[in-house]
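For the record, the sequence lines run as chains A and B.
Per my numbering, the first sequence starts with residue 1, numbered consecutively.
Per my numbering, the second sequence starts with residue 1, numbered consecutively.
If you are wondering where the hints come from, they were derived from the structure by calculation, not from laboratory data.
Values in this document were obtained by computation on a predicted structure and should not be read as measured data.
Check before you lean on any hint, since a few could be wrong.
Each pair may be met inside one copy or between any two copies, as identical chains are not told apart.
What the hints assert, rightly or not - With a straight-line Cα cutoff of 27 Å, these simulated BS3-like cross-link-like pairs (lysine-lysine) come out: (1) Lys177 <-> Lys135; (2) Lys153 <-> Lys119; (3) Lys153 <-> Lys135; (4) Lys9 <-> Lys177; (5) Lys9 <-> Lys37; (6) Lys177 <-> Lys71; (7) Lys37 <-> Lys71; (8) Lys71 <-> Lys153; (9) Lys135 <-> Lys71; (10) Lys115 <-> Lys61; (11) Lys9 <-> Lys71; (12) Lys177 <-> Lys126.
2 protein chains.
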Amino acid sequence: MAASLFAEKGYNGVGVAEIGAASGFGRGTLYHHIESKEDLLHEIASTYISDLVHSGHNIVKEYPDPIQRLKALSRHLMTVISSSLAEIVVCFREVQSLTGSRHDDVMCMHAEYQKIWSKTIDEGVKQNVFRAVDKIAVKGLLGMYFYSCLWLKPDGLQSPADISDVFSDLVIRSLSKRPND
Amino acid sequence: MAASLFAEKGYNGVGVAEIGAASGFGRGTLYHHIESKEDLLHEIASTYISDLVHSGHNIVKEYPDPIQRLKALSRHLMTVISSSLAEIVVCFREVQSLTGSRHDDVMCMHAEYQKIWSKTIDEGVKQNVFRAVDKIAVKGLLGMYFYSCLWLKPDGLQSPADISDVFSDLVIRSLSKRPND
Chain A
1 MAASLFAEKG
11 YNGVGVAEIG
21 AASGFGRGTL
31 YHHIESKEDL
41 LHEIASTYIS
51 DLVHSGHNIV
61 KEYPDPIQRL
71 KALSRHLMTV
81 ISSSLAEIVV
91 CFREVQSLTG
101 SRHDDVMCMH
111 AEYQKIWSKT
121 IDEGVKQNVF
131 RAVDKIAVKG
141 LLGMYFYSCL
151 WLKPDGLQSP
161 ADISDVFSDL
171 VIRSLSKRPN
181 D
Chain B
1 MAASLFAEKG
11 YNGVGVAEIG
21 AASGFGRGTL
31 YHHIESKEDL
41 LHEIASTYIS
51 DLVHSGHNIV
61 KEYPDPIQRL
71 KALSRHLMTV
81 ISSSLAEIVV
91 CFREVQSLTG
101 SRHDDVMCMH
111 AEYQKIWSKT
121 IDEGVKQNVF
131 RAVDKIAVKG
141 LLGMYFYSCL
151 WLKPDGLQSP
161 ADISDVFSDL
171 VIRSLSKRPN
181 D
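Chain A extracted, bound-state conformation (with noise of 0.2 Å):
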C-alpha cells in the first residue's frame, strides 16, 4: 500500500501523514509501528530481495542441474516480479533514497542473489554445458528479468510463468555450449 503511493507520487512526494491515512492509521500510530519513512522504503525494498535470496538458496539445493536450476530460478523470479511490482519500481526509483546500513543492506542482498545465478551458470560451465562468460553476462540477463517491472502488466495476457518460459529459453541458449565453443 505504502509501496503503491510511492509507486504513484515518488518517495519524496508522499508524507507520513498521507500513508497513515490510506493505510487506517494515523500518523502517530504509524511512527509507533515504524520509525521512520526510510525505514518503510527499506522495508518494501528489502521484503522481496530477502525473498529472492532465500527461495534462490533453496532452489539451487533443489536443483543440481544447472538448467533445470536456471529454469527454476528464472520461474521464481518472475512470480515475484509480477506479485511485487509497486516494491520494485520503488526499489529502482528511490534506492538512493536509503542511507548507511539500510542501503548497504539492500545493496549486499542484491549482489548475494546475483552470485546464485553466478554460481548456477558457473556449475554448468564445470560440467561442460555451457560456454564459460564474462562475468557481466550475469547482470544483463538478471536485468532483463528486473526491467520487466517498467512493462509488465499484472492481468497481461501472458502469465509469469509464460514469460519465464520466454526468457529462460533465451537465457539457456545464450550460454549453450555449442561444438565450437
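Given the coordinates of chain A, assemble chain B onto it according to the supplied hints.
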C-alpha cells in the same frame, strides 16, 4: 545538468529556481527558455530516445545482414546509455510525471525503437539464421541493455564497446537457429 539534479533529488524534489541557479540562469530567464519544468523533463526523456530511433533507422539502412545489424545496434545502444546515464535514469524514474502528448511522444519513440530490433529479428527469421521467438523476447533483450543504467559506471574497467560485445554475443546466440530448431 538538470538531468543530474533530477537523478539525484527526484523530479518532485527539484524546483525551477534550483535548476536556474545551477545552470547560471535566473528562474525568470529559465522560464523564458522552457515553458515549464515538465518541458524540461520531456526534453531530458526524449533526446536520447530520439537519437536511438534516428540512428537506428540509419543502422538498418547501413547493415542489411541481421547479425551485423544487431551488433551495430548493440554497440550504438550501449554507447548512448553510457553517455546519457543521468537522462535515462530520470526517464525510467519519472516518465509517469509526463502528461498528455509529452508522455505519448516518449512512449511512441520507445515503441519505435523496439520495432527496429523486432524487424531485425524478423528478417533474421526469414533468412533462416534466427529462430522465431515470442514477441516478448525483444522486450527482454532490450531490458538487458536499458537496465544497465542502474549499474553501469562510465569510468568502469569495461568500455561500452566491451559490454556491448558481451551482450550482443548473448543476444545473437539466444536467437540463432540450430540444427534441431
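Are the CA atoms of Lys71 and Lys153 at most 27 Å apart within a copy, between copies, both, or neither? within (21 Å within a copy, 30 Å between copies)
Is it within, between, both or neither when you check Lys153 against Lys135 at 27 Å Cα-Cα? between (31 Å within a copy, 15 Å between copies)
Reference check for the pair Lys37 and Lys71, CA-CA at most 27 Å: within, between, both, or neither? neither (37 Å within a copy, 45 Å between copies)
With 27 Å as the alpha-carbon cut-off, assign the pair Lys177 and Lys135 to within, between, both or neither. both (16 Å within a copy, 25 Å between copies)
Measure nothing new, just compare the shortest in-copy and cross-copy C-alpha distances for Lys153 and Lys119 to 27 Å and report within, between, both or neither. between (31 Å within a copy, 24 Å between copies)
Intra- versus inter-subunit Cα pairing at 27 Å for Lys177 with Lys126: both (11 Å within a copy, 25 Å between copies)
With 27 Å as the alpha-carbon cut-off, assign the pair Lys115 and Lys61 to within, between, both or neither. Within one copy only: 15 Å inside a chain, 41 Å across chains, cut-off 27 Å.
How do Lys9 and Lys177 come out at 27 Å by Cα distance, when the copy is not named: within, between, both, or neither? neither (46 Å within a copy, 45 Å between copies)
Is it within a copy, between copies, both, or neither that the alpha carbon of Lys9 lies no farther than 27 Å from that of Lys71? Neither: 35 Å inside a chain and 38 Å across chains, both beyond 27 Å.
Between copies, within a copy, both or neither: which fits Lys177 and Lys71 at Cα up to 27 Å? both (17 Å within a copy, 21 Å between copies)
As a check of your reading, is Lys9 near Lys37 (CA-CA no more than 27 Å) within one copy, between copies, both or neither? both (14 Å within a copy, 16 Å between copies)
Within, between, both or neither: Lys135, Lys71 at alpha-carbon 27 Å: both (20 Å within a copy, 20 Å between copies)
The structure is inconsistent with the numbered hints 4, 7, 11, although it conforms to all the rest.
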